[in-house]
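> Read off the chains here:
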Amino acid sequence: MQIYQQGDYRLVLEPALCKGCNLCVHSCPTGILHLNARGKISTTQEAVAEKCIFCRICEMRCPDFAIWVVKPIHSEVHHASAATGSGK
Amino acid sequence: MEHLTGTIEAEERLFAEIHPPLNDSEAYLESTRCLECGGPNAPAPCTVACPTHINIPKFIREIREGDPLQAARTIFEANVLGGTCARVCPVEVLCEGACVLTKEGRRAVRIGRLQRYATDWALERHQSVLPHAPTTCYKERIAIIGAGPAGLACAAELALLGYRVVVYEARPLPGGLVVYGIAPYKQVIDPLPLEVEQLRQMGVEFHFGVSVGRDIPLKQLEQEYEAIFLGIGLGRDQSVEVEGEELEGVYESLEFIERIKLGDWRTVQQTLGESVVVIGGGNTAIDVAREAIRLGVKDVTVIYRRTEKDMPAYAHEYQAARREGVRFLWQTAPKRCIGTKRVQAVECIYLKMTQPEAGRRSPLEEVPGTEFILKADAVIKAIGQQKRTDFLSQIEGLELERGLVKVDEWFHTTAAKYFAAGDCVNGGDTVVRAVGEGRRAAHGIHRYFGRMANGE
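Those protein sequence lines, which keep their order, are chains W and P.
Take my numbering: the last position of the first sequence gets the number 88, and nothing is skipped along the way.
Take my numbering: the last position of the second sequence gets the number 456, and nothing is skipped along the way.
FYI, nobody ran anything at the bench for these hints, they're computed from the structure.
The reader is advised that the hints may include incorrect statements.
[As the list claims (entries may be wrong)] Lysine-lysine pairs mimicking DSS-like chemistry, simulated, CA-CA at most 25 Å apart:
#: 1; chain 1: W; residue 1: Lys71; chain 2: P; residue 2: Lys103
#: 2; chain 1: W; residue 1: Lys40; chain 2: P; residue 2: Lys103
#: 3; chain 1: P; residue 1: Lys103; chain 2: W; residue 2: Lys19
#: 4; chain 1: P; residue 1: Lys103; chain 2: W; residue 2: Lys51
The structure presented is a predicted model; accordingly, all values stated were derived computationally and were not measured.
When you get a sec, could you build the whole thing from the sequences and use the hints?
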């Protein structure tokens, strides 16, 4: 099991359950997922840190329950920090 | 036309909003569709796409949790004209266009209408949605010239930072083009007066009907204030420069919209007759064409110099206009307006594109012998607004670039005391962009006084 942690947010991949159908790779809006040399789901810590928006689409698409997205229920702190600033 | 003249039905049709408000259950259902994107480092795509960076997933969650007041606060915190923007934003190309659901082949969350639901909820109940200005007050005073979206946003942000702000507006009403130039099917005037009321409560002082340069000299402002913000927008409609432009029945687009919004739309309706020709291919041209249809005109034709794909208007607005029955003539230019006292027709000519120079739009050339007459009971010119170089040239040291004010990344102009944002800088864009720029300019002024804004 691979866990990519970003603060309270986690993207969890379970390659053992993955059959390499590519659905998540195609549906990820930020394009951070790929299949590794063995044809199993994979990503990188940097990609998750920089790009993952934790939208859960990969989790919803995965037919084999190989992906979990774990988010805090009230994520005000992170949302607030994402949107403050003056036109950045 | 008979079935429309002077009836309540006609008024309803003219001012009927394209996107009526959502009710409580519709808003709830729509809010449940949001995936609440946004990680610690990568904000949600909708928030990134919004020029004012409203925290959209947060306010949608607050609606879902049954707290529209808090949702409104989240919106107004980022955008003091949140209610106005909910109505007039081209959401199809901003937040809703970025929604990840569209990448799944599904309809985007109706962010604009949810925003309207929350802001209306709060404003209609006269709830305070903006934080009060801090009690500590800096000694600097700042003058804002122009109470359009950029000026109002800058004023609000400066008041929140603790400055004393005075807004000078030549017109009797605040809002700039929101009031005078936005088609009534998008927004008549509400909720702008309520939004401005919030600014007043924050301590912003307003002087309406005061034209800087005419009623109060610029020099006096320069002496009295430590910084001046220019949110003066653009001027009147550009002239088409054809013969017969002065005939009766030839309107300027802004004058046309202002008259149907604030004046007597019935007299305007009577002058339109059965066929209207609109000159131009921008969003204003589309707006006035759609307005003319709503006023009961049977035959509305838009003529544009270039082709369909060169048109600067948004694709979704153009498609909607076509569905409503607006006719478009491409590569067509007006040659003269024909008529004795009133305009009766427009003589047009076809144009062809010639070989462009590298990186430029191809020059146009008239095709001889293709002149034709287009019947027109009224003509509306909508080819853009004039630059306000007359006013701007009075300011010492202010550099212009093609008639627009040159600014740095903090919207500081080349003249020491002056900041500028909105249409007079960007050449004419959305309300929400002006709000975003005005807000950033406020932080620029804060920095100019040697203070750093939070989180910068």
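> Please go over all the hints and tell whether each is borne out by the structure.
Evaluated hints:
In summary, the hint linking Lys71(W) to Lys103(P) is supported, as the alpha carbons are separated by about 22 Å, within the 25 Å threshold. For the suggested pair Lys40(W) and Lys103(P), the alpha carbons sit about 23 Å apart, so the restraint of at most 25 Å is met. With a CA separation close to 23 Å, the supplied pair Lys103(P) and Lys19(W) stays within the 25 Å bound. This hinted pair checks out: Lys103(P) and Lys51(W) have alpha carbons roughly 16 Å apart, not beyond 25 Å.
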